[in-house]
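Engineer: Each chain is listed here by its residues.
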Amino acid sequence: MELLAFLNLDELALAMSQMSMYPLFESAHYIVSVMSLKEQPGAVEVACRSPVACWVSSMLYCFGGAILSAVLLAEPPVEPFSNNSHVLVASLIWYLMFYCPQDLVYSCTSLLPVRLVLSGMKEVTRTWKVLGGVVQAQKKYQNSLLVMIVVGWAKGSGHGLISNFEQLVRGVWRPETNELLKMSYATKVTLIGAIVFSMQQSHILPVQKHQLMFLYTLFLVINKVRMMLTAPSFPFAPVETAIYRVLFGMESTHSPSANEADVSVTSPPETCTAAAEAIKPASPRHNGSVCCDAEQNAAPSAEADVDCSLKLAARDDQQTAAERIRTD
Amino acid sequence: MELLAFLNLDELALAMSQMSMYPLFESAHYIVSVMSLKEQPGAVEVACRSPVACWVSSMLYCFGGAILSAVLLAEPPVEPFSNNSHVLVASLIWYLMFYCPQDLVYSCTSLLPVRLVLSGMKEVTRTWKVLGGVVQAQKKYQNSLLVMIVVGWAKGSGHGLISNFEQLVRGVWRPETNELLKMSYATKVTLIGAIVFSMQQSHILPVQKHQLMFLYTLFLVINKVRMMLTAPSFPFAPVETAIYRVLFGMESTHSPSANEADVSVTSPPETCTAAAEAIKPASPRHNGSVCCDAEQNAAPSAEADVDCSLKLAARDDQQTAAERIRTD
Amino acid sequence: MELLAFLNLDELALAMSQMSMYPLFESAHYIVSVMSLKEQPGAVEVACRSPVACWVSSMLYCFGGAILSAVLLAEPPVEPFSNNSHVLVASLIWYLMFYCPQDLVYSCTSLLPVRLVLSGMKEVTRTWKVLGGVVQAQKKYQNSLLVMIVVGWAKGSGHGLISNFEQLVRGVWRPETNELLKMSYATKVTLIGAIVFSMQQSHILPVQKHQLMFLYTLFLVINKVRMMLTAPSFPFAPVETAIYRVLFGMESTHSPSANEADVSVTSPPETCTAAAEAIKPASPRHNGSVCCDAEQNAAPSAEADVDCSLKLAARDDQQTAAERIRTD
Chain A
0 MELLAFLNLD
10 ELALAMSQMS
20 MYPLFESAHY
30 IVSVMSLKEQ
40 PGAVEVACRS
50 PVACWVSSML
60 YCFGGAILSA
70 VLLAEPPVEP
80 FSNNSHVLVA
90 SLIWYLMFYC
100 PQDLVYSCTS
110 LLPVRLVLSG
120 MKEVTRTWKV
130 LGGVVQAQKK
140 YQNSLLVMIV
150 VGWAKGSGHG
160 LISNFEQLVR
170 GVWRPETNEL
180 LKMSYATKVT
190 LIGAIVFSMQ
200 QSHILPVQKH
210 QLMFLYTLFL
220 VINKVRMMLT
230 APSFPFAPVE
240 TAIYRVLFGM
250 ESTHSPSANE
260 ADVSVTSPPE
270 TCTAAAEAIK
280 PASPRHNGSV
290 CCDAEQNAAP
300 SAEADVDCSL
310 KLAARDDQQT
320 AAERIRTD
Chain B
0 MELLAFLNLD
10 ELALAMSQMS
20 MYPLFESAHY
30 IVSVMSLKEQ
40 PGAVEVACRS
50 PVACWVSSML
60 YCFGGAILSA
70 VLLAEPPVEP
80 FSNNSHVLVA
90 SLIWYLMFYC
100 PQDLVYSCTS
110 LLPVRLVLSG
120 MKEVTRTWKV
130 LGGVVQAQKK
140 YQNSLLVMIV
150 VGWAKGSGHG
160 LISNFEQLVR
170 GVWRPETNEL
180 LKMSYATKVT
190 LIGAIVFSMQ
200 QSHILPVQKH
210 QLMFLYTLFL
220 VINKVRMMLT
230 APSFPFAPVE
240 TAIYRVLFGM
250 ESTHSPSANE
260 ADVSVTSPPE
270 TCTAAAEAIK
280 PASPRHNGSV
290 CCDAEQNAAP
300 SAEADVDCSL
310 KLAARDDQQT
320 AAERIRTD
Chain C
0 MELLAFLNLD
10 ELALAMSQMS
20 MYPLFESAHY
30 IVSVMSLKEQ
40 PGAVEVACRS
50 PVACWVSSML
60 YCFGGAILSA
70 VLLAEPPVEP
80 FSNNSHVLVA
90 SLIWYLMFYC
100 PQDLVYSCTS
110 LLPVRLVLSG
120 MKEVTRTWKV
130 LGGVVQAQKK
140 YQNSLLVMIV
150 VGWAKGSGHG
160 LISNFEQLVR
170 GVWRPETNEL
180 LKMSYATKVT
190 LIGAIVFSMQ
200 QSHILPVQKH
210 QLMFLYTLFL
220 VINKVRMMLT
230 APSFPFAPVE
240 TAIYRVLFGM
250 ESTHSPSANE
260 ADVSVTSPPE
270 TCTAAAEAIK
280 PASPRHNGSV
290 CCDAEQNAAP
300 SAEADVDCSL
310 KLAARDDQQT
320 AAERIRTD
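Residue numbers (numbering that gives the first Met the number 0), protein chains in the order written: chain A, 0 to 327; chain B, 0 to 327; chain C, 0 to 327.
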């Protein structure tokens, strides 16, 4: 943190941490949220069939985090709707985005430079939301790091976590997937943010709040812009892969390398017992650490295929596998 | 409101507003609610397979509004079950309706004159429920019109809004439809009621509470009886259609005329840009105001077909369309 | 209760009622819960694909009752997660159960003697949970027996009641079944426990708390062990069948005899009007007490087949049926 002081950024960080999110940044958040709703398959059709369902869906996109964190802390989930000006702005943006003649508003906001700025601004609000959730939870549960992390995570990426129910409003039901089964980039970085802010608030992390806000916001914005301009990739993918390999004896399904079946064999045999056991015919009872059981073969998902490539790969000689680890 | 005073109805309205809903009107509400549950496909089978699931389902029909409004305001959803006498009456009605030998009770209550009276009485309870929800919300959120409308709406037509989850209790899951996507008559009039009562409570509408209760109840009962005796139709369909046309550039899918494909072409080209754009081949990106995109063609719902008749109709010459507007 | 005093068991019962569930018994509950999650089809695959989803699922198995009862009483559903040590133990067990090399932990705990002891200990925690829920509800709703029963039931068998949503976390959605439609043994005995503890707390049942706790725990443990060693059967099946027959005019779908189509005809004609009416061709309107309507024929469940055997059976002469009753 001396680095910030050295670069004379400490004052900037302090000023930034006192910035108000409303109206500018909040509006950017609403615009990007409603845009991503509009880009969902079938959303435009719903907007035409039932403006009420479309409006409710938009509000869940805009205020999903606040609603979910309210539910978790047994506070009224209608709370976000009591702030008249916020709801009015969000509703206006919803209206212009879906029903503007010639689709002018969407056409403007979806231009890459405009979208880049708006998405960057939306990421700024994420910092405030995560911190807000952590502080809100801390008021009720002083000493529970886990509750602080959960509520901060919920407030920061609420829409993602309740997406199944938001889709239900639009008549869509996809139970086979959710943000917990396959975390998106936003959900992952929000989780990281919730963890660091909870640690900061519990005085485990020796850093000041405004400094952490500055650094986390910087990280979010730079990453978002980078991902929009180049290929989307999770910046901590190597760390994630390492954790998954060590703790859970498997490949992270979201690391870029996991998409290439050839590379996924690099998991060391001592951590993924699957590889060793999978050669034996599958036993009928549920056998713990074996990731590639018979059921998985029937699973249509790409990850299953990747995981199960372990089976085939294990038949190769271990020497080759060891070589691949070194070249990975 | 001078009209009420002129007709000497003011005293009657005042007396009516002090009427107690329990036990007579509440019982009528329970009877009509359990009857409509019994008329759901598969409900009788569930009653035979699992009386517990059937009872829970009945309670959600009877107390759905109270449960939903409690959830929205972070009050205990078991609250309605703490009123022993109400639950006892509702349970007795559930039992008699489903398990009475020879099905005597259902046979009696489903006779048209009996049902007419009961349905009228049920509509009376709606006024009390909507007002109750609005007042309940106002206690927590003094200045938020939107929260008052939402909670009043939830309390008045709670069963409809949670129908997806009520069906789940009975093992039925129909995600493709819900009350927001396709509002029923009851949901619509309750929304109107929630709006006018919220405005009255916020002193925007210059009318006294008992007068508004009298007028709204009268409107509900007369309409219900009319709809049960003649064809069901939403009394504000022309207003709804006009609003949809002006605000959202489209036909209301629930107006009676929307069922006739020939008439739905009458939307003026300046509001529904869909008609104009739809002639061009559908572009792969999501293009805002275009209601009839390619996805919609795959949708099996009747509304989609109606909406998409715009496409074909737009090929006709505008002169014919203009003529049709005049004769509409 | 004089029996307990006579057998000098009263002191033992008192000592037992002051026993702390944490850490020993609670840990046994977590172990058995996570084991039953692991034995769900597809759970091991989920553990490999997404440890986060698997962890959330495990926590819903371990703390489902506390979460559900919190929701019902409008208390924060994150409350159970504020107890750091409990969550840590549960998480450790989750980790060892799913990711232990060679699947050592699961192999050990799934040995019959170990499992027998753990399952017995888990049943002990059920008593504490049901009583906890009843007392928790009584604090808010002094005089409502129903609320006490509902919350006690929810706390004691919470995981079962929210199983649909727990499955959703793992990407599984089976709307056609739930614990209300087809109650498991655990759900049934918890319901019985919730009823007796609510009656005891309301001073309807003239028995002391520690005595009831002792008797109920004894009943739970003995039954569980018996069911694990011999064929699983609900001890109150004859009572249940009798109640179903008298109150709802039908066979209990869970009585052992219901599995044999030949025996299910033994329902006396005066209670199950279905048998008599089913011979007539099915009328198109929903006709109350008739359990075997046309829809049921399409139902793929085994119960439907059993119930509908009534139809065929009713064609036999009543004399034969009467004979069968006597020999039942």
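Please note that the accuracy of each hint is not assured.
Label-pair distances were calculated between CB atoms; the ranges are [to be verified]:
{"hint": "1", "chain 1": "B", "residue 1": "235", "chain 2": "C", "residue 2": "241", "range": "52 to 60 Å"}
{"hint": "2", "chain 1": "B", "residue 1": "227", "chain 2": "A", "residue 2": "19", "range": "51 to 59 Å"}
{"hint": "3", "chain 1": "A", "residue 1": "21", "chain 2": "B", "residue 2": "204", "range": "29 to 37 Å"}
{"hint": "4", "chain 1": "B", "residue 1": "22", "chain 2": "A", "residue 2": "101", "range": "38 to 46 Å"}
Below, simulated BS3-like cross-link-like pairs (lysine-lysine); rule was C-alpha separation at most 27 Å, straight line [unchecked claim]:
{"hint": "5", "chain 1": "A", "residue 1": "138", "chain 2": "C", "residue 2": "139"}
{"hint": "6", "chain 1": "A", "residue 1": "138", "chain 2": "C", "residue 2": "138"}
{"hint": "7", "chain 1": "C", "residue 1": "187", "chain 2": "C", "residue 2": "139"}
{"hint": "8", "chain 1": "B", "residue 1": "139", "chain 2": "C", "residue 2": "138"}
{"hint": "9", "chain 1": "A", "residue 1": "139", "chain 2": "B", "residue 2": "139"}
{"hint": "10", "chain 1": "B", "residue 1": "139", "chain 2": "C", "residue 2": "139"}
{"hint": "11", "chain 1": "B", "residue 1": "187", "chain 2": "B", "residue 2": "208"}
{"hint": "12", "chain 1": "C", "residue 1": "208", "chain 2": "A", "residue 2": "139"}
{"hint": "13", "chain 1": "A", "residue 1": "139", "chain 2": "B", "residue 2": "138"}
{"hint": "14", "chain 1": "A", "residue 1": "139", "chain 2": "C", "residue 2": "139"}
{"hint": "15", "chain 1": "A", "residue 1": "187", "chain 2": "A", "residue 2": "208"}
{"hint": "16", "chain 1": "C", "residue 1": "139", "chain 2": "C", "residue 2": "208"}
{"hint": "17", "chain 1": "B", "residue 1": "138", "chain 2": "C", "residue 2": "208"}
{"hint": "18", "chain 1": "B", "residue 1": "187", "chain 2": "B", "residue 2": "139"}
{"hint": "19", "chain 1": "B", "residue 1": "138", "chain 2": "C", "residue 2": "187"}
Quick caveat, the hints were computed from the structure, so don't treat them as lab data.
Because the structure is a prediction, the values reported are computed rather than measured.
A virtual CB, placed ideally from N, CA and C, is assigned to each residue, including glycine.
Engineer: Run every hint past the structure and note whether it holds.
Structural biologist: Verification of the hints:
no.	hint	in the structure
1	B:235 - C:241: 52 to 60 Å	holds, 54 Å
2	B:227 - A:19: 51 to 59 Å	holds, 55 Å
3	A:21 - B:204: 29 to 37 Å	holds, 30 Å
4	B:22 - A:101: 38 to 46 Å	violated, 59 Å
5	A:138 - C:139	holds, 23 Å
6	A:138 - C:138	holds, 24 Å
7	C:187 - C:139	holds, 25 Å
8	B:139 - C:138	holds, 23 Å
9	A:139 - B:139	holds, 20 Å
10	B:139 - C:139	holds, 20 Å
11	B:187 - B:208	holds, 21 Å
12	C:208 - A:139	violated, 33 Å
13	A:139 - B:138	holds, 23 Å
14	A:139 - C:139	holds, 20 Å
15	A:187 - A:208	holds, 21 Å
16	C:139 - C:208	holds, 20 Å
17	B:138 - C:208	violated, 40 Å
18	B:187 - B:139	holds, 25 Å
19	B:138 - C:187	violated, 40 Å
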